[in-house]
Amino acid sequence: MASWVIVLASILYAAVLFAVAYVGDRWAGTRRRLTNNPTVYALSLAVYCTAWTFYGSVGRAAVTGVGFLPIYLGPTLTAVLWLFVLRKMIRISKVNRITSIADFIGSRYGKHGGLSGLVTIIAVVGIIPYLALQLKAITTSFSVLGGASEATAELSFFPDTALLLALLMSAFIILFGTRHLDATEHDAGLVLSIAFESIIKLVAFMAVGLFVTYGLYGGFGDLFAQATAVSQLRPLFTLNEAGSPGDWVWLTLLSMLAIMFLPRQFQMAVLENVDERHLLKASWLFPLYLLLINIFVLPIALAGNMLLPNADADFFVLTLPLSAGQGGVALLAYVGGLSAATGMLIVSTFALSTMVSNDLVVPLLLRWPALRLNQRTDLTGVLLVVRRLSILVILLLAYGYFHVAGGSPLVSIGLISFAAVAQFAPAILGGIYWKQGNLFGAMTGLIVGFLFWFYTLPLPSLVDLGGLPASFVSDGPFGLGWLRPYALFGVTDLTPLTHSLMWSLLLNAGCYVIGSLLTEQTILEHTQATRFVDVFERSEEIDRLQMWGSTISFGTLRTLVVRFLGERRTRDFLHSWPVDWHDEQALNQPAAPELVNQVEKMLAGAVGAASAHVIIASVTEPTLTFSEVMNMLDETSQVLRYSRELERQSQELESKTVALHEANERLKELDKMKSEFVSHVTHELRTPLTSIRAFSEILLDNPSLGWEQRSQFLTIIMGESQRLTRLINNVLDLSKIESGNADWLLSDVDMGEVVRESVAAVGQLFRERAIQPELMLPSAVPIVRADRDRLVQVMLNLLSNAIKFSNPTAGRVWVCLDVVDNRVQVSVRDNGEGLHQDDMEAVFDRFRQVRRKHDGNPTGTGLGLPISRHIVEHFGGRLWAESEPGHGATFCFTLPLPLGETVYG
Amino acid sequence: MKPKWQRKRDRLVVLFLLGGLLFNYPILALFDREGMVVGIPILYLFLFCSWLFVIALVAWIVER
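Chains A and B are the protein sequences, given in the same order. The numbering used here applies: residue 68 is where the first sequence begins, and numbers increase by one. The numbering used here applies: residue 987 is where the second sequence begins, and numbers increase by one.
One chain only, chain A, in its complex shape (with noise of 0.2 Å):
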């Protein structure tokens, strides 16, 4: 293909990507903020995806099978987790005003300006070969789509792709990335950019892969077909070629920590997240955006191995459709990798820059006595100075070790890159969850697992540069054969990658969690671990700790906030402050503690927190010493203490409450049951008294009465006073029932017995009334467990009430026995007027006599049916009543049988 088309089309390619970046930053004010949004910012985060996804996966796969699965699979591991882990960095970092992994680190761990230099030359050592990486698949894709033989093409076309390349990336990431002084500003136009780019390079890939697998093959199904017919792609079918099942595992962990740390993820998911709800939507589109430009890896490489088994396996994307004829085809795909890479190159780069400056050249430029910074009025061109300049150095430092290095395979400098990242996962994670994890243990855990990173991966593959001598590997330095970097201390049979993982980071993490343990933490650490961990519940309460005392005015506050500001942003923040900010006099005044700590803060976003801390520290002095800092977080997580206790407490009460209050509110229903019974006892008592008292007069009165009368009168008496006791009898029977004292005595009764019992005890009753009794009892009888007497006692009640309500001129009462359901029921009808619909609960109230006899008079005691009931009820039975008016009442009652018997005695 010709290059002035590779060309035209880089061009214009990389005008849409400056154009979408100038959209996004225009709008970036105003509503249509594109940037607010979960998908544009699942896509952003897809920079995950670099050439060497897009070309290197390929690769991977022509010689391993699935062995380029696990840098995938991985991240779609720890997504799952993001709702929590990446939602706690994320609010950390707002609330703190974080601008870079470095300061996170650094702040985490007391503001401290070493450890996250530290962390910043970890970074920029491991991701530099990693940025040389894109330079060289860019050059090397522009070669081989312009047709140059691989080999030559590299380093010789001219001009030098790679250097243009660099210098048009600095470019772009300083027109959009440098805008805003303050780091922690939302960088709109940058992150649609990356997020059009990952657009871009998931056509670009799904587009070849279409045309590999239904263009040169008839589908998935063929193409996989004709693969098994070769025999040597056989083995990338299965995990023969994929590395030891150890192997599989740490890339998997190496990966799931790269996409949290690697400085370009933790710029695009932790400091350009707008909204933390966008986690939600991310946590699956991202996994789903790398299975969709994965699927296709496989069947491209084993395309590639068929039919082009002579060709880079690294640029099968391009020489596929290349030598089909599909020019246009093989053009998107470079576009994809064009994408893919600088896509990598301007967000790392970014990261970098960022932490460069603030993290490594301000603080020492701060320092350095001959430079007078402190003495400037405004340095703010200073800072944007220094920042511009790191982006610049950067990508030359790429390009220089793309120069002296470009030789080295894809894949294996990205996952160099990841190691390196890797280290910092003790410090972070353990900086969010374990608040004794303290500076020494951070500083001590990186320096170790960087070197022990340093000495196994990068430094030996010096000797393929020719820097190192080859005996340096095989004998290691000095013969001394146990410090050989691929087996250090004689471990041997590991991959390099798996080797120096686990050397570095076993002793990263054992260095910070024994470190931390032997050490103490000063003051400024232990604030700023509490702020971290317990970012969700105590972070306001923590900004109230007012670390600085007040020596220095408002004035001189002013002054320093314009010299790292600038004048326009000073007076947005500062003037809302109330202070006359033009009355000398008010100038003079000390500052406010609480103002002095939002200075912190605001500088912090501008050079980081370790340097905004010195700034601060070098104009006023703390005013808290350790014990009182200690005292006073103590109090308060105390005080939070007290005040959950409290609150649980007082949600105990509230229901002990509710529930008090339906007790006494059934106390007081009882209390009035219990004065209407008793009202209703004295009443009942009354009339046969009175009664009794009456006749008793006339017999006194009248000793003339004949005997006929007197006989008559002293047996209404008789008859009053047998009531009475019955009465009294009932009262306390139903007293001692209610009360559980009633007496039991449990045996085997035969229901028949009793029914045949109970009516002939009433016989004279029966004879009385001329009534016939009809009972229907089963021939087998069944036998139930209960008080034979109280049985009794229920029967008799119900014969003789039926007896009482029977018609009067022709009575007819029926006793029924049967057995339902393992139940045996015993019902009792008469043939009487019946029951009343609203009278047949009624019935068992006490002192209810809903029914008359024939003459009016009432009978009984009003208390029978209620003790029937409760014997009944006592026996785990029912008792009920059935009528239909005017023709005759049933009374019915239930009693369980023995489980598992249907006995018939």
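Any given hint could turn out to be false.
Unchecked claim - 25 Å max Cα-Cα, derived DSS-like pairs, lysine-lysine:
1. B:Lys-994 x A:Lys-161
2. A:Lys-723 x A:Lys-161
3. A:Lys-155 x B:Lys-990
4. A:Lys-735 x A:Lys-723
5. A:Lys-668 x A:Lys-502
6. A:Lys-348 x B:Lys-994
7. B:Lys-994 x A:Lys-155
8. A:Lys-155 x A:Lys-502
9. A:Lys-155 x A:Lys-668
10. B:Lys-990 x A:Lys-348
11. A:Lys-668 x A:Lys-803
12. A:Lys-741 x A:Lys-668
13. A:Lys-155 x A:Lys-348
14. A:Lys-803 x A:Lys-735
15. A:Lys-668 x A:Lys-739
Stated by the list, open to error - Here chain B is said to cover these stretches of chain A; the calculated rule only asks that three of the stretch's residues, wherever they fall, bring their Cβ under 8 Å from a Cβ of chain B:
16. 140 to 152
17. 299 to 308
18. 312 to 324
Think of the hints as simulated: they come from the structure by calculation, not from any bench. As the structure is a computational prediction, the values presented were derived from the model and not from experiment. A virtual CB, placed ideally from N, CA and C, is assigned to each residue, including glycine.
Once you have looked at the hints, place chain B on chain A.
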């Protein structure tokens, strides 16, 4: 912490463990065999299906 949030968190942690299991040995070794299912190599099919399965579950849990 709200119970709904807590339930979400518990589910995601379990899913994380499940994913860790699916994507790793020894489960992986079960599918490490030659042969095709619906024209696609078994191991390849298993990895992509379980991958999609985990993603779908995440979406289901977080978006509810």
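Hints, one by one, checked against the model:
| no. | hint | verdict |
| --- | --- | --- |
| 1 | B:Lys-994 x A:Lys-161 | holds (24 Å) |
| 2 | A:Lys-723 x A:Lys-161 | violated (43 Å) |
| 3 | A:Lys-155 x B:Lys-990 | holds (18 Å) |
| 4 | A:Lys-735 x A:Lys-723 | holds (18 Å) |
| 5 | A:Lys-668 x A:Lys-502 | holds (22 Å) |
| 6 | A:Lys-348 x B:Lys-994 | holds (14 Å) |
| 7 | B:Lys-994 x A:Lys-155 | holds (16 Å) |
| 8 | A:Lys-155 x A:Lys-502 | holds (14 Å) |
| 9 | A:Lys-155 x A:Lys-668 | holds (19 Å) |
| 10 | B:Lys-990 x A:Lys-348 | holds (18 Å) |
| 11 | A:Lys-668 x A:Lys-803 | violated (79 Å) |
| 12 | A:Lys-741 x A:Lys-668 | violated (73 Å) |
| 13 | A:Lys-155 x A:Lys-348 | holds (17 Å) |
| 14 | A:Lys-803 x A:Lys-735 | holds (21 Å) |
| 15 | A:Lys-668 x A:Lys-739 | violated (70 Å) |
| 16 | 140 to 152 | holds (count 8) |
| 17 | 299 to 308 | holds (count 4) |
| 18 | 312 to 324 | holds (count 4) |
Against the hints set out earlier in the document, violations occur for numbers 2, 11, 12 and 15.
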